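Start from chain R and add chains S, C and L according to the hints.
Chains as they are written, first to last, in the numbering used here: chain R, 8 to 494; chain S, 8 to 494; chain C, 8 to 494; chain L, 8 to 494.
Certain hints may be false.
Since the list gives no way to pick one copy over another, a pair counts as held whenever it fits inside one copy or between any two copies.
Unchecked claim - Taking lysine-lysine and the DSSO-like style, the derived pairs with C-alpha atoms no more than 30 Å apart in a straight line are:
#1 LYS479 with LYS61
#2 LYS479 with LYS76
#3 LYS418 with LYS284
#4 LYS281 with LYS479
#5 LYS405 with LYS32
#6 LYS357 with LYS141
#7 LYS141 with LYS18
#8 LYS333 with LYS32
#9 LYS76 with LYS357
#10 LYS479 with LYS284
#11 LYS281 with LYS182
#12 LYS333 with LYS130
#13 LYS21 with LYS284
None of these hints come from the bench; they were simulated from the model. Nothing here was measured: the structure is a model prediction, and the numbers come from that model.
Protein chains: 4
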Amino acid sequence: MALKTREDYIKSLKAMRPNVYKFGKLISDVTTDPATRRTVESHARAFDAAYDPKYAEIATTVSSFTGEKIHRFTSLMESLEDIMYNSKFKRMMYHLTGTCTGGTCVGWNALNVMWNVTYEMDKEYGTNYQERLKKWILYAQENGLVVAGALTDAKGDRSLRASQQPDLDSNLRIKEIRDDGIVIRGCKAMICGVAASNEIFLLPGSAYREEDKDFAVACVVPRDIEGLTIVETRRPSDERELENNFDIPETGISQAYLIFEDVFIPNDRVFMCKEFKYTGKIIQYFTANYRACIGACVAGQGDVMIGAAALIARANGLAAGTFMNKIIEMAINNETTYGLGIGAMAAGKKHPAGAWVSDPLLAHTNKVLVATLPYETKRLCQDIGGGIVETGCFPSYKDFMSPEYGHLVQKYVKAGARYSAETRARAARLIEWLTIGAGVPGCMHGGGSPDGAKLVVRANIPLEEFAEYARKLAGITEEMPEPEKKK
Amino acid sequence: MALKTREDYIKSLKAMRPNVYKFGKLISDVTTDPATRRTVESHARAFDAAYDPKYAEIATTVSSFTGEKIHRFTSLMESLEDIMYNSKFKRMMYHLTGTCTGGTCVGWNALNVMWNVTYEMDKEYGTNYQERLKKWILYAQENGLVVAGALTDAKGDRSLRASQQPDLDSNLRIKEIRDDGIVIRGCKAMICGVAASNEIFLLPGSAYREEDKDFAVACVVPRDIEGLTIVETRRPSDERELENNFDIPETGISQAYLIFEDVFIPNDRVFMCKEFKYTGKIIQYFTANYRACIGACVAGQGDVMIGAAALIARANGLAAGTFMNKIIEMAINNETTYGLGIGAMAAGKKHPAGAWVSDPLLAHTNKVLVATLPYETKRLCQDIGGGIVETGCFPSYKDFMSPEYGHLVQKYVKAGARYSAETRARAARLIEWLTIGAGVPGCMHGGGSPDGAKLVVRANIPLEEFAEYARKLAGITEEMPEPEKKK
Amino acid sequence: MALKTREDYIKSLKAMRPNVYKFGKLISDVTTDPATRRTVESHARAFDAAYDPKYAEIATTVSSFTGEKIHRFTSLMESLEDIMYNSKFKRMMYHLTGTCTGGTCVGWNALNVMWNVTYEMDKEYGTNYQERLKKWILYAQENGLVVAGALTDAKGDRSLRASQQPDLDSNLRIKEIRDDGIVIRGCKAMICGVAASNEIFLLPGSAYREEDKDFAVACVVPRDIEGLTIVETRRPSDERELENNFDIPETGISQAYLIFEDVFIPNDRVFMCKEFKYTGKIIQYFTANYRACIGACVAGQGDVMIGAAALIARANGLAAGTFMNKIIEMAINNETTYGLGIGAMAAGKKHPAGAWVSDPLLAHTNKVLVATLPYETKRLCQDIGGGIVETGCFPSYKDFMSPEYGHLVQKYVKAGARYSAETRARAARLIEWLTIGAGVPGCMHGGGSPDGAKLVVRANIPLEEFAEYARKLAGITEEMPEPEKKK
Amino acid sequence: MALKTREDYIKSLKAMRPNVYKFGKLISDVTTDPATRRTVESHARAFDAAYDPKYAEIATTVSSFTGEKIHRFTSLMESLEDIMYNSKFKRMMYHLTGTCTGGTCVGWNALNVMWNVTYEMDKEYGTNYQERLKKWILYAQENGLVVAGALTDAKGDRSLRASQQPDLDSNLRIKEIRDDGIVIRGCKAMICGVAASNEIFLLPGSAYREEDKDFAVACVVPRDIEGLTIVETRRPSDERELENNFDIPETGISQAYLIFEDVFIPNDRVFMCKEFKYTGKIIQYFTANYRACIGACVAGQGDVMIGAAALIARANGLAAGTFMNKIIEMAINNETTYGLGIGAMAAGKKHPAGAWVSDPLLAHTNKVLVATLPYETKRLCQDIGGGIVETGCFPSYKDFMSPEYGHLVQKYVKAGARYSAETRARAARLIEWLTIGAGVPGCMHGGGSPDGAKLVVRANIPLEEFAEYARKLAGITEEMPEPEKKK
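Just chain R, with the same shape it has in the complex (with noise of 0.2 Å):
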């Protein structure tokens, strides 16, 4: 079967029935809407990669079930080999859109991770969840499917369990177990690129014990199903994407709430329903994996920083070399991000049920860092980009194309003759738009917090091994114990 192309998924977006929200109106068609259009326009590029004889190693594997050329973002990663071609995979995405295609990206963990936790539950409960989830993979696989992930529930009062709530509906819930299927009810919120999807996987938002059973679900639903409400959020400067000029690049990000009221899901689509003892395991899983992969997110997003400072460098006429040092810091910060998580999949292992698990440790070490690292990295790309590109200190393009004044503005933008003052504005707003503008993703919170992941570290540091070793070699020959808390 032919791998999906671009125009084969635009179509299939098209065919959807509307069910996207923002700025208070329905979007009709979410390819051609101002609002959506860049996040769809940044998932087509994985198609056009796939067919791109430089990046089709990447953006293309087999299928281990069918032996068919698939979309690498479908596929089921087993070796370490898979798994590292995921980070490829994501930093070739933010080198073509220079943002975040999360359709390309959660859903994708999300399969691996329920690959592996249904097989466990089924050993368990003697349930049938891998065979439903390897039906509904071999879809996807075939219709090359764009796939969101959502875990973040709207949550409520974060000092109360989710059965506590005084709106049950704060998390996403089942509300009912029907023979042929469920219904579930609830929001989940801050989900990427859903307007861009052809589906949604839904996970747990969290490890939930037996009184929060009825949250624990995980299902995958078409974007369009009945029933559901998706409200895309506002970004910063995203008002810019409703005009069409050279204040903000032809790519985007999405996130969007998505809201549902009582939503029939049919049985082959249910990978979990109250097993709540293994919502932890979907945790565990899904942040080794995503925590690791995250690093080449941001590295990069990190490199396209690196090219748009050089670039600017160029248009302000300044010589090669220049800003070398804080380029090499840029490059420094990068490549830390993405080779620990590199680093966090080879200490990782192969589960048995077949897809590899990232190793917890390094991946939330990699977490702290992404929650850092690009700071410094914007930091800098606004270092060296000099006055025009901090906090937008230039005209907008309609005051660059005013006929009244407009060739003055020109005039000042430009900057030497090399280039001309819509290079310089193209390139200044680029570093914007990257920086403190639409393109910047939410990866500090993204897939859970920084302090989450430092609690996750201290899980893991061994340190009554550590005192012993330091006991050993002070030669200390008392016993020295953890001591009792006290507050």
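Frame of chain R; chains S, C and L shown alone:
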């Protein structure tokens, strides 16, 4: 004479000739146009403060010329105490507006700097610049003028000097000297607070040599002077300002390109005319004071970020103290730049002419910190805020208020029973505005780049003296002079 | 009366009763014993400086009591200018010695702090402490006394208050009050500069409550007072001091445990006796000034590191400018702690009693920086130095001078024709001494820990005020009080 | 054949000709001399580990040549798994010794690197280097040889190439080629673990051009070969090692100058002889692997610092969790360099000759982090430890044991009832040793400087490719080639 009120101030702006443009259109009234009304509101709060017992000590002082009570931002700063009030005033203004009110800052510094430089020039050349300046200062004090200051030129090709530019207008220049005044031409770029100002103080943007003496000009002009076209720059998410809802606070900042097309300045407003030798002094005194005080700007905004972080944590339902470590880190960043700026002032001295000049080494060191620490503060603020404050992760006001699905958005934006959805939304949007939105001031390159500051630091390191201390301590008897530079 | 000379000073030390121990032995003459002669040499340079025209302005001043010229380190600091000289003096001393001369520092601060606190106590209790203190200050000024200061107690169990300790001696305490004086007992630990001091100023190590009032004692004692045993601590590589070659510089630092076994202090040397309420004031004023000034200590040592880095680069045969970026970073670290300290002073104020008190928020912020930035400076210094300065990477003086193979060692330690092997070796050992050797001062915990400083920062953040600014800017109408603390 | 035991190892060292000097004296038995016995003890623990079920999996493997069980540190690393054990082995050795055991590290890497490079040389030149090397590897595996590795030359004048040095011996060189071998002369400096090694693997210290071909030499020599004089370097506080008490742990590190005076090497131990073209390859492969693995060294020492920090906190009487934030930060530093090193390995590949080569970009990025993060870890460790661990702030063992006043010292060093004074002292001295004492390994410049690593990073940034991504995203249609370099 009574201090100017908010109402007087608004009236004075309304009375001016419209010459400010944004988004391709002429703004007929800067006090009401959505593109400029927020920066006017910010500046108006300086007048409120003058009448508010809580702030009057900071916001007002007594003229050393007349003994009359005046607005602080029009005063001559003749003592350490005086200039410390510059920092206190700026920090207060950030507390009241959340952002930069350039019209109460740069012109103020400019008049002080020129007080000293005109003294030096008059002494060498027998000119009467200081007398002219004094006359204007008295006028500014009497009328409570908001005065923007403009140094940065459009610059053109960074590798060429001003007189070598293919387009001589790239730097503001004296085109003609007449008996009664001068004619200037060119462009000042990225100038703060112009739309909210009554006048603009123009200073040379660089230290010039003889061949560039046409660019050695200092003068003051009414904002609406004939021949001046002002084009506002666009900042991240500034289109939100066109609406009027919680997606954006009521205060704001502005920056602009000032395009001078053969503007005539009468002699009594000209304070330097081709005395190129003193342009370096202007830069030196200006940056010493400006970069000392700028630590107070970022501290003041950092204070508001601390406050906003506390609010969002409360709105998120989190206990007090959850983020105390991060808040302490934020405070340390704030106090470092504030306190080092105060240190630069205290290590400075009174110029023979009477106005205070801060210590350049400490001031430029502060500038380097101002280009880094606030970025950490912003990151910490986003870290505390959680996913909802990062990259605008919730729907817009229009979605929030949608008659169709707004109730659902509100239901899920609400976190716990204590605070309304709107309160949480407002706190989140404030953080967005402060950290990646239209409220971000351009403090990295504003008043010059951190790399420029490092050059001043470098020039002020007594390397051979330090080497000599080390040589004596090491007991080295050989002379160890600085080696020849080789390429 | 003439200023004390180096010779007078040495003589005064020789005249004292031997009560200092190190390496298990009583030191008969601190001015010649290898374990203490270097710290004496360091302090002696303060007397040289008083007679050196280059340094006399810093090293001396005029007594506000007598109008006589005195050593700066015995003066009352009554103005901002006075206390700024504290910083200048410390930075100078580091330039001259490369390390800490605690005997010209802590006692000086102590006498100023007690000047203010005795004033307050006398006012409340009708005591005559200030009069006693004044008498002693006059004596110290007349005799150019080097006065160590001691706050830190041995402490015992950190989880118990002083009066709860199983061993009451863990904190210095008043054992008995007699008509003519008091008897004290206990231990002050990690006290700087004692071996080189004439006297020791004792202050309480903590803020005490009523039940701990026996520990509320301030007084001054001759270093060789009966009943006092002084045991020097051992520092990294201090055994090198037992030899006399280029493996170690000629100057040095000292720290000691002071063990008081029922020591009688006559009343005219007692300045606090159980007035527990004022112990907090002592800590508050002491740390405010000390932590402002400490920025100058690490800046001064950082200056020497810059110098040493320049020397080793030259000795390594490297061109000027190779490491300029790193030297600028080092300088920025130095000026930051120096300048922020000056800022803390300028933001402080004169106490009604007459001595200056620095601003606590800025001073404690500075302490946090002092616990981090100098570590970066040291790292940079080692980075510039190359392998030879890291972890002592070349043979010892004895190998260097070996008749058998010393010529080979010298042949290979030499780098290029310009400088001798010995010169390169001396520069390398200086850096080792400064960064990981016996010259490293204890500035992280000296005068209290950075975590303690953070608590003061925290206590000084007006969180609710900042939250209120943010609430107004966000347009939030609900009240948002600080939530209850929960565990 | 049985694995070598600790006893065999000690015996093998005792059997060698004395040629190691320190403090001006020839060491007759390195296994008992105080100056070297600690590094021998450290290395001996690798043999213990081979027999300890807890560590055997890491400490041993199977020879790919013979199928026999061998010590891990003599193995050829042919897969990712193999080379990951290099990191695991190093981290384990730090756990067991607290410091660097260079004799189980550099020679191991050298034999692997030369396995690949001899393959390439043999292919081009028809030499039989790999066969010679194989023979030696078999011998090393059979005899469980501890093999130091030496690259760094004395270098002389850094601004001249090897062949331009006034003293040609500044870099190790081939003085003569004979039929049966070569004669070498010169000096390798700062070489780790030599005193504890059986043999030394010599590699060129730089990439050489044709005119420097005499310096292109790789070979392996017994440590006690005729004509080799070894002078140990002195490290911070190494004189403490001359005693035998708690002031210093029982393990240790060593570094040395190796002085070759016309040493004859028979042909079967020569693996490169003037093939200058391949010296660059040696450097490239060596640094790629070495700088990947070095992350494990500093992680292992960081683990011990975490343990030591926990112990001192307990000995100080502080509750668990007091410093958990800092311990998490330390762990993050450790895992970052460890994990990024693993990432560099995973991103590497198997050389056609069979040994693994890590990815240079990630490896050199890791080196830059290794030159910074451990300094923060040390600072945090000192921060947690409190005043007693900083700059050696308590008396020496001799004072502690003084019959006269030792009881007083112990009384005051003790903190609380739980642990003895000696336990607290031991924990404090361990931290001193780890952070500023003789246990500090030379990891900043060891294996090359961080600046050198940055040059490799720079060379590996595909700047034009990144600029092209940015150009496309910005929609810039002009070509923007890299500008000419100008000075």
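Evaluated hints:
{"no.": "1", "hint": "LYS479 with LYS61", "verdict": "between (55 Å within a copy, 16 Å between copies)"}
{"no.": "2", "hint": "LYS479 with LYS76", "verdict": "between (56 Å within a copy, 29 Å between copies)"}
{"no.": "3", "hint": "LYS418 with LYS284", "verdict": "between (66 Å within a copy, 29 Å between copies)"}
{"no.": "4", "hint": "LYS281 with LYS479", "verdict": "neither (48 Å within a copy, 45 Å between copies)"}
{"no.": "5", "hint": "LYS405 with LYS32", "verdict": "both (25 Å within a copy, 9 Å between copies)"}
{"no.": "6", "hint": "LYS357 with LYS141", "verdict": "within (18 Å within a copy, 35 Å between copies)"}
{"no.": "7", "hint": "LYS141 with LYS18", "verdict": "within (25 Å within a copy, 62 Å between copies)"}
{"no.": "8", "hint": "LYS333 with LYS32", "verdict": "neither (44 Å within a copy, 39 Å between copies)"}
{"no.": "9", "hint": "LYS76 with LYS357", "verdict": "both (23 Å within a copy, 27 Å between copies)"}
{"no.": "10", "hint": "LYS479 with LYS284", "verdict": "neither (40 Å within a copy, 46 Å between copies)"}
{"no.": "11", "hint": "LYS281 with LYS182", "verdict": "within (11 Å within a copy, 70 Å between copies)"}
{"no.": "12", "hint": "LYS333 with LYS130", "verdict": "neither (53 Å within a copy, 41 Å between copies)"}
{"no.": "13", "hint": "LYS21 with LYS284", "verdict": "neither (40 Å within a copy, 61 Å between copies)"}
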